[in-house]
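Novice: Sequences are here, hints too, so could you generate the full structure?
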Amino acid sequence: MPKPRLIKLNKIGEPSLGYISIIEENDQIPFDIKRVYWTYFTPNHIERGNHAHKTLQQLIVAVSGVIEFTLIDVKNNKQKFTLDTPDVGLYIPCGYWREIKFSHNAVLLCLASEKYDEGDYIRTFQEFIK
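All the letters of the sequence shown, read from the start, carry residue numbers 1 to 130 under the numbering used here.
The set of hints was computed from the structure by calculation and includes no laboratory data. One should not assume that every hint holds.
To be verified - Subject to a maximum C-alpha distance of 30 Å in a straight line, what follows is the list of computed DSS-like cross-link-like pairs (lysine-lysine): (1) Lys54 x Lys75; (2) Lys3 x Lys34; (3) Lys8 x Lys101.
Unchecked claim - What follows is a set of in silico ranges between Cβ atoms, one per label pair, in the way DEER data are often shown: (4) Lys80 x Glu14: 28 to 34 Å; (5) Lys78 x His45: 19 to 25 Å; (6) Tyr40 x Pro15: 24 to 30 Å; (7) Ile129 x Val36: 28 to 34 Å; (8) Arg123 x Lys78: 16 to 22 Å; (9) Glu47 x Tyr19: 29 to 35 Å; (10) Glu14 x Ile129: 44 to 50 Å; (11) Asn26 x Lys75: 25 to 31 Å; (12) Asn10 x Asn44: 27 to 33 Å; (13) His104 x Glu14: 26 to 32 Å; (14) Phe41 x Ile20: 22 to 28 Å.
The structure presented is a predicted model; accordingly, all values stated were derived computationally and were not measured. Think of the CB as a built atom: it goes at the ideal place given N, C-alpha and C, for glycine as much as any other residue.
Specialist: Following this line, the structure appears as structure tokens:
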């Protein structure tokens with residue numbers, strides 16, 4: 001079973017001119033991209049996530065700000081990840097509960113392996129642990 005991990009993204013540029021980060025499907029990430037979305041203006045006192053996916057895989061990038069993830073597997077093992085630079089992504093395979101905290105003005109970019117399907121979500125932690 002795949003494990004969550006940080007993925008260093010390709011980056012070109014230099015400090016005086018700025019940078020471009022590049023993500024290419026099936027090169028740095030192990031899935032075809034079927035959906036892209038982003039979140040923004042999330043108040044920093046709000047915790048998002050609080051769900052898992054049955055089949056969906058994701059690569060998450062903090063385009064701006066700091067985003068903290070707590071990922072929990074079905075055995076209740078926790079891993080913490082901090083995204084604080086736009087040239088690193090967090091790969092989240094299916095089967096992990098996520099809790100997400102945002103800094104002020106953080107922007108989360110998500111590349112997803114599937115189109116939106118409410119039936120793929122596990123919305124309660126009790127159901128997830130089962």
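Novice: If a hint holds in the structure, say so; if it does not, say that too.
Specialist: Each hint tested on the structure:
For the proposed pair Lys54 and Lys75, the alpha carbon gap of about 16 Å is at most 30 Å, so the pair holds. Between Lys3 and Lys34 the CA atoms are separated by roughly 21 Å; this keeps the pair inside 30 Å, and the hint holds. A C-alpha spacing of about 21 Å is found between Lys8 and Lys101, which places the hinted pair at or below 30 Å, so the restraint holds. For the pair Lys80 and Glu14, the beta carbons lie near 32 Å from each other, so the given range of 28 to 34 Å is met.
A beta carbon spacing of about 22 Å between Lys78 and His45 agrees with the range 19 to 25 Å that was offered as a hint. Distance hint check for Tyr40 and Pro15: the Cβ-Cβ separation is about 26 Å, which falls inside the suggested range of 24 to 30 Å. Distance hint for Ile129 and Val36: a CB-CB separation of about 30 Å, consistent with the stated range 28 to 34 Å. At roughly 19 Å, the beta-carbon separation of Arg123 and Lys78 lies within the given 16 to 22 Å, and the hint holds.
The hinted window of 29 to 35 Å between Glu47 and Tyr19 holds, with their beta carbons roughly 30 Å apart. Remark: the range hint 44 to 50 Å for Glu14 to Ile129 is upheld by a beta-carbon distance near 48 Å. Distance hint check: the CB atoms of Asn26 and Lys75 are about 30 Å apart, consistent with the given range 25 to 31 Å. Here the CB-CB span from Asn10 to Asn44 is close to 30 Å, well matched to the stated 27 to 33 Å.
For His104 and Glu14, the Cβ-Cβ distance of about 28 Å falls inside the hinted range of 26 to 32 Å, so the restraint holds. Range check, Phe41 to Ile20: about 25 Å between beta-carbon atoms, so the 22 to 28 Å window is met.
Checked against the numbered hints listed earlier, the structure breaks none of them; every hint is satisfied.
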